[in-house]
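Protein sequence lines, in the order shown, are assigned to chains A and B.
Those letters in the first sequence? Residues 1 to 232, per the numbering used here, in order.
Those letters in the second sequence? Residues 1 to 57, per the numbering used here, in order.
Please keep in mind that the hints were generated in silico from the structure rather than gathered at the bench.
Just so it is clear, the structure is predicted and the values come from calculations on it, not from any experiment.
Don't take every hint at face value.
Stated by the list, open to error - List of simulated lysine to aspartate or glutamate pairs, EDC-like, C-alpha gap at most 20 Å:
| no. | chain 1 | residue 1 | chain 2 | residue 2 |
| --- | --- | --- | --- | --- |
| 1 | B | Lys49 | A | Glu224 |
| 2 | A | Lys100 | A | Asp110 |
| 3 | A | Lys100 | A | Glu31 |
| 4 | A | Lys100 | B | Glu2 |
| 5 | B | Lys49 | A | Glu229 |
Said to hold, decoys possible - Partial chain B-side listing against chain A, Cβ under 8 Å, derived:
| no. | residue |
| --- | --- |
| 6 | Val36 |
| 7 | Leu39 |
| 8 | Glu40 |
Unchecked claim - Computed spacing ranges between beta-carbons, pair by pair:
| no. | chain 1 | residue 1 | chain 2 | residue 2 | range |
| --- | --- | --- | --- | --- | --- |
| 9 | A | Gln71 | B | Glu2 | 50 to 60 Å |
| 10 | A | Val159 | B | Ala44 | 52 to 62 Å |
| 11 | B | Glu2 | A | Leu191 | 22 to 32 Å |
For glycine and all other residues, C-beta sits at the position ideal for the given N, C-alpha and C.
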Amino acid sequence: MNRTFTSTLGIVAAVLMIAALYMVFLYVPNEATQGLVQRIFYFHVPCAWVAFAGFGIVAISGALYLWLGDQVWDDLGQAAAETGMVFCTLVLITGSIWAKPIWGVWWTWDSRLTTTLLLWLMYGGYLMLRAAAEETPNSARMAAVLGIIAALDVPVVVVSVRLWRTIHPAVLLTRQGGHGLEDPRMVATLLVAMAAFSALFAWLLMLRLATLRTRARLNRLTLELALAEAGD
Amino acid sequence: MENFGYLFAAYTIIFAMIFVYVLFIWGRQRRLEREVAALERRLAELIAKPSKTRSAS
Chain A
1 MNRTFTSTLG
11 IVAAVLMIAA
21 LYMVFLYVPN
31 EATQGLVQRI
41 FYFHVPCAWV
51 AFAGFGIVAI
61 SGALYLWLGD
71 QVWDDLGQAA
81 AETGMVFCTL
91 VLITGSIWAK
101 PIWGVWWTWD
111 SRLTTTLLLW
121 LMYGGYLMLR
131 AAAEETPNSA
141 RMAAVLGIIA
151 ALDVPVVVVS
161 VRLWRTIHPA
171 VLLTRQGGHG
181 LEDPRMVATL
191 LVAMAAFSAL
201 FAWLLMLRLA
211 TLRTRARLNR
221 LTLELALAEA
231 GD
Chain B
1 MENFGYLFAA
11 YTIIFAMIFV
21 YVLFIWGRQR
31 RLEREVAALE
41 RRLAELIAKP
51 SKTRSAS
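Okay, chain B solo, but in the shape it has when bound (with noise of 0.2 Å):
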């Protein structure tokens, strides 16, 4: 088992690096998902208020 160090940080290192990009990743996308939402939704309120306007007078 000579240089099993290595050969054991080599392979940590590939997978602990690929998890977190895959990490940040799926961060960085669900934090612009939330924003993407939070839009629509204000812009949903602001084309829905003059309809509501006039659906009063």
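With the rest of the complex left out, here is chain A (with noise of 0.2 Å):
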């Protein structure tokens, strides 16, 4: 059951994603005054949304998992740490490819950027930790302690371009109210790229929840196995 909706999760996000690049590349009209490099921004934002909702995960699932003690909850904050990570680094990087050509430099400290390298240098360490201690209940709830914390930057990035002067440019949430996407077929494709990032993630931490089962069984049958030999 649980294999089957893993599959069908990867070929959904396949087939959104393979719809998504058709409308990137070949349906959407260029952006009047950035031209072609505009295009990155329909990928850039789901890599954004992706990595936020991770990250809300993370903090939700700590939260259940300091309240309930429910190794499920643990594993389900690490696997979206993880997955949110790589789509908040795929953020970084490809924000920086279109601000070279757009702004000129590879990077300004611009509130927006700023807040979401501190976000991905919270998670980093959240993950670090992780690495780092044994897996022991109490690892486990001081991480979920600091995936909490850190989480609270993902609201401050959100409203970052609202909040202070930035040269980002506002495009879900601009300082008239509206969103700055001019063209209907402009939101078509920011939804079905969403749609697709969506998926994807998703199934990427369908699979990593399935590897840290299999890590937690081959813990149990290395005690049991150890039993079993003190035992003969």
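Please dock the two separately framed chains into a single complex, following the hints provided.
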């Protein structure tokens, strides 16, 4: 059942990704001022969306782990943090590649870029803590707390273009309250890309959860074997 | 086709990174499943040993 669901998710993600690529390269018109390079945005924004969703899952599952103490929440938090980091890294890389021809620099200490980098560093710390510490309930609790604190930066990243002076384009949330996409084809392309990345994220999360479940089974078997050998 | 290089680089990096991550997860899963199978075999041997002894006596 679980394997079938994961495989179905993978197929859905692949189909949606092909549709998104078709729309980005063959359907959507060029943006008037930025030209061809603006098309980076159609995958850059969905990467940010799934990274933020991933970090949101880390915070929620962290809170549930602290409350209920069930291992399943700790596993979900760990898997979501790792998958979210992959997409957060892609946000920073694709943003930099877009910035070079548009702003003339690879990086600037703009409020949105800085808060996103801060987010990336905090979840990098979360993953390093998980890798370095022994797998004990205490280290899982510390990771849960760190995951919750780091997620507080997500809303700051989202509203940073409204809170501070910034040169980052406000696409989904402009100062005027609308969105920055004038052509309906641009909106449609962005929505399909968002759906594709959501399915891709869910698929990767399921794959990562499967490895964590297998590792837990391995740990149980190691213990059983040690007990059996001791009693032999 | 101005700035095509930047567009190409961005999309290549996105798919390369996702591909590498998927390979990384699949590799880890395969390694863990091999280890689980080896431990299960060893455990089955240990459980089977006393029963063989009993049936021989």
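Honestly, which of those hints from before does the structure not fit?
-> The structure breaks none of the hints.
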